[in-house]
Structures are given as C-alpha cells and as structure tokens.
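K.L.:
Going down the list, the protein sequences come from chains A and B. For what it's worth, numbering that gives the first Met the number 0 labels the leading residue of the first sequence as 0, then goes sequentially. For what it's worth, numbering that gives the first Met the number 0 labels the leading residue of the second sequence as 0, then goes sequentially.
Note that these hints are calculated values from the structure, not bench results. It cannot be assumed that every hint is accurate.
What the hints assert, rightly or not - Below, simulated DSS-like cross-link-like pairs (lysine-lysine); rule was C-alpha separation at most 25 Å, straight line:
1. K107/B x K197/A
2. K12/B x K91/A
3. K129/B x K273/A
4. K167/B x K182/B
5. K129/B x K197/A
6. K276/A x K101/B
7. K12/B x K96/A
8. K197/A x K130/B
9. K288/B x K344/B
10. K197/A x K113/B
11. K276/A x K130/B
12. K130/B x K273/A
13. K12/B x K94/A
One-letter residues, chain by chain:
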Amino acid sequence: MKKQFRWGLLFFLTPVLLWLVLLIVLPQIDLFIMSFRTESDSGEMLWSISNYLNFFNEPIYWLTFVRKAVYSVLVTFLTFLIALPVAFYITKVVKPKFQGFLTVLLLLPFWVSEMVRIYGWMILLRESGVINHFLLKFGILDHPVEMLYKDTTMVLGLIYTSMLFMVVPLIAVLESLDDNLIEAAYDLGANMWSILFKIIIPHATPGIVSGSIVVFMLTLGNYLTPNLMGGKNSLWFTEQIYNQFIASFNWNQGSAFGFLLLFLSSVVIWVGLKLSKQTLRKVVQ
Amino acid sequence: MQIDLSVQKVTKKFQEFIAVNSVSFEVQKGRFFSILGPSGCGKTTLLRMIAGLTEPNEGTIEIRGKSMAGVSPNKRPVNLIFQHLALFPMMNVGENIAFGLKRRGENKANIKKKVKAILERSGLPGFDTKKIDQLSGGQKQRVAIARCLVLEPTVLLLDEPLGALDLKLREQMKVELKKLQAKVGTTFVYITHDQSEAMVMSDSVAVMNNGEFEQIDSPQNLYNKPKTPFVAQFVGDNNAWSGRIRQSEGTTAEIEIAEGSVFSTKVDETLQSGTEVDLFLRPEAMFIKPDPGIPDLNRFEVVVKSILFDGANSRLLANPPNADTELLIALPQNRQYDYIQVNDKIEIGWDKQSGICFPRK
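Could you build the full structure based on these sequences and the hints that come with them?
P.N.:
Written out as structure tokens, the structure is:
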C-alpha cells in the first residue's frame, strides 16, 4: 500500500521535477558557470571574475543599473499612490454589487498581451497619434509634440503595466479591514489623514509590501515597455543584458549581468523589507 | 437638571425604508439611558446618528444645548463603543487608549499620565504594552470603554457591547458597567436587544419597535405597566390571550376569551362591550392551586404539558384542557410543588389586578 502511494507520488511529481530541473535549474547553473568564464586573448576559455568586474569598472553599466533601480522604486511608489485610492474605492466606497464588475474592469486590459497594450499607448502618444490629433484639432497646440521616447512616457507605461499587481493585493488586504475601525478612529477624533496613516496603511502594510515586491521585480525585469516606450534615450539594464546576448554575442558577460540583476534586486527588496519592518514570510502569505 | 442629550423628531430613511421615524427623547446628565428593541428596529441607526456617523433626514440632535447638525463625528463630544469593540489591532493597549488624546494634540507627559490613570481605574494596571490579541473578552471590553472614557465625553454611546461575551461574563460585565457608570458619572446611552441588560443597568429605558419609541419609562414601570401590547410582550415573558369585553364598569372588565373562560381584570378605561382585546398575564402572576379562601381570583384549570426546570426561573408549560393556548406559569422552587407531573390537571388562579388589557387595533 505504502509503496504504491510512493509510485503515485513519483508519477505526478516527475513532470514538475523535469520541468524545474531541465528548464530552470540546469540552465541557471549553466549560465552561472558561464558568467565566470572569459575568453583570453589567445581564444582560450579561462575562469575569471572579469565579467563581474566589468560591471563596476564601466560606469555605463552600473549607472544604467542605478538609474533602472531608482526608476523602478519611483514606479513602485507611484503605482502605490494610484492603486491605494482605487483599491479603497472598490472595497469600501462602492456598493458590493459593483465590486466584482470594477475588479473585472481592472483585469480587462490584461486579457491582451503587454505588447498589444504598449502599441496601444504608442498609437495614442506618438507624434502623429490620437492625442496630438485632437490637441491640434481643438487648437491647443499649433504643431504636434512627440510624447513617446521620454522617461515620463516610460514611467507611465510601466505604471500602467504594473497597476493590477498592486491593486489586487491591496483589495485583498483592505477587504479584511473592518469598517468599524475606520469609524471608531473617526469617532475618537481622527481626521482623514490620521485615519489613513494610523489605521489604513498600518493594516494594509503586508499587502503594500507584497504588491510592491511584485511591481518592483516586474518593473526591474521589464524589457518590452522601456524598449518600446522609452526608446533609445531611456537605456534600461535589461536592454544591456539583451545587447550582450544578442548583439555582442557575449553570453558570458550577459549572464554575469543577469546574475548581478538578480542579486542586486534581491538586495533592494531585502532593504525594503527591513525598512518596512516586514518579514518575507508574512508578506508572502 | 441639565439635559445632556436631546433628540427631537429625528427621522432617517434609506430610500423607501423608514429606519427611524420621528423619535424624540431627552437624557439628563449622569443618567444611564437604554434603548431596547428587537434587531432591525432602527436602534443602531439612531445611535449612529447621535455619534454623527449617519446624518438624519429630519429632526435635530442637541448635545448640552448645542445642535450637532453638520458636526462631523471627530468634532462631537460623544464617543461610541462598537458592538465588536473595534479596538485597533495594529496598536497595543496603551496606544489604543492614547489614540484620541493624541488626535487632540495633548502633550506626551499628560497623555501618559491619563492612560495610566484610566488603566488603573479599569482594573488593568500595567496592561499598556499588551497586544490586543493577548486580551480576554472582558479585558477587551474594558479597554474599549477606557479608550472612550479617557476622552471624557459628554455622552458615551454603547452599541450592544456585551453581545459577543459568553453568558457568565455578560452577567458580570452588566454589574461592572453599572458600577462604572455610577463612579464616573458620564451619561450613558446604551442600546441592546437583551431586555435583562436594559433593565438591570438603566435608570430609564426606551422600548423601540419598527423605528418608533413605544414607551420611555423606568424598568419597573415597563415591566409592571406596559403601555402597548408590544412592550408587554417584549419586556419579560408574558402569556397572551385574545378575547372580547363582556361587560365593563369603571376600571374593571369581564373578558370572554377565545377558548370560552371568562376572566375579570382591571382596565385603564371603561371599554365598550364587544370590544376585541388582548389580555396579558405574567407567569409569576399565576398561582398554582390557590387557597380556596382567597377572594377575587380568576380560577381555571390547566393540563401540565412539560416542566421547564431552570433554577429560580423554572416554569410550567401548560394548556387549558380543551384549547391549545400555551401558558407559562412560574414554578417557585420551594419544593412545595415537586409532586406536579406532566399531564396533571391543576387549578390556576390569578388576581384581577395583575392582568394587563389592551383594546385590539
């Protein structure tokens, strides 16, 4: 009986294990090894940490990374600022029968791929795009303005892409907030701001942190949006990695950058957790 | 006597539904006032209007003579204790109690002193660093009360705060709350659906039904002289008969009840014979096997259906022999009636002064 059970377990576990090992663990290990190999002048492969050193010695590399990290933090924060009122409105203000409808409305754009959504924004924002067309028509502008390929546009696109991942955990966490707590605080003399900072945000912290981690990671690892909406002016670190692999064909350098991205973003999240006094276990729940 | 809270003709409608219909009352300073009603009668809505969490459609609410129209809850000199207490789980006991003081911008040393004092008075000294989830039900209760009392409100509103406690603790908290109110002298407005809570604690009780006050009176008067059939049935247990006036003279009337017996009882006013009436009688107004020598008793026979033993509150459940009206009869536990068995036929008597009679509307 016991033996049969084990065979059953193995049977169902095998595809998962194969998937994990063959497609995720092994390639990662391979990339990790590759990141420590470098080609010598004579064309031999040697062990070396020069790929990692390049990152720190070449300002363009670490500057793009810092830039990217700062923008990711900014995007995460702005997403939070927009998502909190939205989540609050859906959970506390609107009538229960519309809650589901509004949540679906939030989900709706995510039924098409990110690429399509970004092209949608491009159609709206480009020099010959919809917004410029109407601004010209109503005489607000006398010549079209290029709104694409700017940092602001890129931030806009990134916020749009990551909104849902902030709103959903916030809705979950605000739903568990007892309305009476807000009323009790109001009754005890609190105004809107102290209710927000003393009651709502402390209660929502686990949701805020988990939403922020997801948004931050997605933003940091996003390749499509910065590339399409930010253009060449907004160099993103993922583009550096892409260039190493595809353009320069330097896989060793590319994988070193990949691991640096993984490591450094983990550090940022760790610092964020420490600052907000949350533990990963509590946040993931 | 100073009037702390005055509610005049307050009405609240939710679309077509009238939750509170033109309710008026006044509460004097330092009194314990209860609003008693079944769930859904509008008592919570009324309390929320006093607290400012809901605005009335009509009518005025005044606290110490000041109109509260348009004053937001955080500016009103009233505090509300919620049914589920609504203690802030993200703060410890001390921070919970200090919350209101901090919002007022009092200085830190002062806040600390006040929190310490109120915790001691609530019987929770040294609890200020405890987390809310470390407290028992009764302790949470006290923290919730302390959190409001520390602000020294003119009126303290309580929304069935004992509802979530178990029976034993509830009995204990009832007495404790009454003592506390007497000690601090704050005006309490307490709402509940539990008539025993209202009766034990209050100086006066308003009985509310379908958004209206049926009667505002002392607990004794509510029990002994109910003014409406609803009050008679809602406050305490009552046996109800429907019947018709046979003849009425002055303040006594003979009533023929549906199952055929004729009882004589006191009435408030002379009633036309033939008037349909409801007759109410408390379980303890009925005597089992009354002495044949006692005059002026209504006597009739019943068959015991079951014996409901509940200590001092034991009753007999009985039917008249040829009717299925269920009657509750108090069964004194002095061992005098231990011989009574189910299906026994016993004689019951009641004094005509104890009947309560209302013409049917």
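K.L.:
Each hint: holds or not?
P.N.:
Results of checking the hints against the structure:
1. K107/B x K197/A: Distance of about 17 Å is within 25 Å: holds.
2. K12/B x K91/A: Judged against 25 Å, a Cα distance of about 21 Å means the pair holds.
3. K129/B x K273/A: holds, 24 Å
4. K167/B x K182/B: OK: K167/B and K182/B at ~23 Å, within 25 Å.
5. K129/B x K197/A: Distance ~18 Å between K129/B and K197/A Cα, so the pair holds.
6. K276/A x K101/B: holds, 24 Å
7. K12/B x K96/A: holds, 21 Å
8. K197/A x K130/B: holds, 16 Å
9. K288/B x K344/B: Within the cut-off at roughly 10 Å; holds.
10. K197/A x K113/B: The hint holds at about 21 Å.
11. K276/A x K130/B: Holds, because 17 Å separates the two Cα atoms, which is no more than 25 Å.
12. K130/B x K273/A: Status holds; Cα separation ~22 Å.
13. K12/B x K94/A: holds, 18 Å
Hint violations for this structure: none, all hints satisfied.
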